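Below are the chains, spelled out letter by letter.
Protein chains: 2
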Amino acid sequence: MNLERAAKRLGINLQRLQSLQETIIKTSSWPEPRLLRFEKEASGVEAGTVIFESGEVVFGYPKIRRAMMLAPALEKHFPDTLAVEEKMNGHNVRITSVDGEVIALTRGGFVCPYSSEVARKILPEGIFDADPDLVLCGEMVGPENPYVPKSIYPTDTIDFYLFDLACKNSKKTLGVHKTHQFADEHRVKSTALLGEFHKDRAAEKIKRTIKQLGRRGREGVVIKDPENKVPALKYTSSEANCNDLAFAFRYYNDYALDFFISRAVREGFQSVEWLETPDERKARALRLGESILMPLVETIEKKQAGENIVQKVQIRVRSLQTAREFEFHLRRSGIRAIFGSPEPIDDGYLIRISKLIMSTNDKTQALLEGEMW
Amino acid sequence: MNLERAAKRLGINLQRLQSLQETIIKTSSWPEPRLLRFEKEASGVEAGTVIFESGEVVFGYPKIRRAMMLAPALEKHFPDTLAVEEKMNGHNVRITSVDGEVIALTRGGFVCPYSSEVARKILPEGIFDADPDLVLCGEMVGPENPYVPKSIYPTDTIDFYLFDLACKNSKKTLGVHKTHQFADEHRVKSTALLGEFHKDRAAEKIKRTIKQLGRRGREGVVIKDPENKVPALKYTSSEANCNDLAFAFRYYNDYALDFFISRAVREGFQSVEWLETPDERKARALRLGESILMPLVETIEKKQAGENIVQKVQIRVRSLQTAREFEFHLRRSGIRAIFGSPEPIDDGYLIRISKLIMSTNDKTQALLEGEMW
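Residue numbers (my numbering), protein chains in the order written: chain A, 1 to 373; chain B, 1001 to 1373.
Please keep in mind that the hints were generated in silico from the structure rather than gathered at the bench. If you're wondering where the values come from, they're calculated on a predicted model, not measured in any experiment. Incorrect hints may have been included.
Pairs of lysine-lysine, DSS-like flavour, derived with a Cα cap of 25 angstroms [what the hints assert, rightly or not]:
#1 A:K63 x B:K1178
#2 B:K1282 x A:K211
#3 B:K1282 x A:K76
#4 A:K363 x B:K1207
#5 B:K1355 x A:K207
#6 B:K1211 x B:K1026
#7 B:K1211 x B:K1178
#8 A:K302 x A:K150
#9 B:K1063 x A:K363
#10 A:K282 x B:K1302
#11 A:K76 x A:K172
#12 B:K1205 x B:K1178
#13 B:K1282 x B:K1205
#14 A:K303 x B:K1234
#15 A:K302 x B:K1172
#16 B:K1076 x B:K1312
#17 A:K303 x B:K1178
#18 A:K302 x B:K1302
#19 B:K1076 x A:K363
#20 B:K1355 x B:K1312
#21 B:K1211 x B:K1172
#22 B:K1282 x A:K303
#23 A:K171 x A:K40
#24 A:K302 x B:K1076
#25 A:K282 x B:K1211
#26 A:K168 x A:K229
#27 A:K76 x B:K1363
#28 B:K1076 x B:K1063
#29 A:K207 x B:K1302
#30 A:K303 x B:K1363
#31 A:K199 x B:K1363
#32 A:K282 x B:K1282
So these bits of chain A aren't anywhere near chain B, every CB distance computed over 12 angstroms [as the list claims (entries may be wrong)]:
#33 I122
#34 H180
#35 H186
#36 C242
#37 I261
#38 P344
#39 M372
Using N, Cα and C, we set each Cβ at its ideal position, and we do this for glycine too.
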């Protein structure tokens, strides 16, 4: 492992890098290539940053902060104009090439075997030939996304949408225009560019966009400086906030606490900023209340009927090796899952996966039996 | 401090008691009488237990656990019949006499100067004469309860409702019948006894009671074994759960996280257990959503209008010394509050208090100015 070279590229000194290896930096030797990953942010290096054997670095994609009150946030944050892109709801990957092999890194800096196979299938051959240092930053979405399955996008399986470009060993990303230009040239899908506006007029435009996206079940927008001078911001639809809540309360003992508060508070700010009428506010309250109550009721009734509380997802793989590796990958990520027998299909295998939601399952059973909270 | 005597009464050995003094047991030397308080449960001794100079002990009132699914909880928990009492919404005090002086202890084991003055005013003279070891366990409620102000009870100021009796140096409480008998004999108000039922029929009866209480804004019930053989259980109305949420979301950055999840989950179990129709479920979802959204909107709009986010309460005291002491008591409890000038009234002074909700106040201001979450 060429740590000296990596330290230079990370902009920290070698001793500091070595000292982090016991706490912040973890080794991942599987699947290949072997790498070091920053489990948390440290010394200004983003979480999810990875170092390969050669000392090459792929920086973690910067966390995008959220506007709560849109108009003042845009005014305060952006110098001039801004570009609005759709924020897609899936999992964030960085796809790059190491020793000629295409790999997909998760947010946390693991090589995901399934995402890597999907990337190899979807991306045009030789996309990294001209520039092997390129890093494609984008979202994997669709019903066969085993992390966040969603049927709201035009795919029956899983697809990849580019939203930014980066280069190995550089913290900077290339920004809106270069990304869309690259996507066009290489016939890669990219997240929809919904417009460029002066910051004074943008809040009203975004409000309209967000309402339309919400009606279609879509998540929201990422707002970027076209010149890439300041970090991007995100802003989401009420429907997306409520969908998150529904997920959290379906698995109330496993997820709810982490998810809830901020989503509810967003609803308050959006309702105030949009000057809603009493009827609109009531409709929002009902949507919010239903997104909490109905999944709870479903979970409790399901358990009452003797079913287990699980989340069912599925993947489609060319090789069974990928499925086995993905099973191991989920396990190391702390997710307990039962993999069904592979069902042969045209181009490989369909695998149905049941993610166990142990805590909610057991808690619901106990409460139904008269246990106290 | 007679620790040896106290240790015997607590049922733990002296060395153990002494060792706890550095961590779990804190001294409170003000207001008089000086005492030691268990800040947390330890060695089977309930949190809030206090030891006086003489070595006399007043045990903490046992925490009452909550039924989530009522029928199976009653079936599992109670041997035979059960008594249902109204659960009142205020603050829990233990009133006792020390060296001839009546004092009210808070849940945490502090002497509350205001509650003590209220107790002296409300309770009949000489109530402790026959038995100076008596401890009256009850709820202080009303609009001038500075902890939990509520206008749903028949008082314009603050009142005390007895719900159990205990004796100094004894962990056991005397239970339903002795408590109501004592209340009748001494003309002290007690929490309403709503009925005694066999456990098989109780869930249906309690459901009806809870719905009626909910419609009147009341909190719920405490379910007790009339023979005091097993600990009590509590169960609350949907309206009370939603009221708690409304409070939590009004002060979303100060309280919400602690309050929320369990209240929402209760709504799910109640809806399932009561076999609600789709319309009833929708009404419950709306109530739940409104209890979250509306207080958020109010808080944000209030801050937008330039007002500070504070909680206004008031107390009525005979002596200004009590008000000064209560100010100090709030401060030591970690509550920041501004006390208005005392307004002379018939029988003393009215004091308006603004409790500062700093975190929500500052966060809301920042978000309105375009800060990111």
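Hint numbers not upheld by this structure, sorted from lowest to highest: Those not satisfied are hints 1, 3, 5, 6, 7, 15, 16, 17, 18, 21, 30, 36, 37 and 39.
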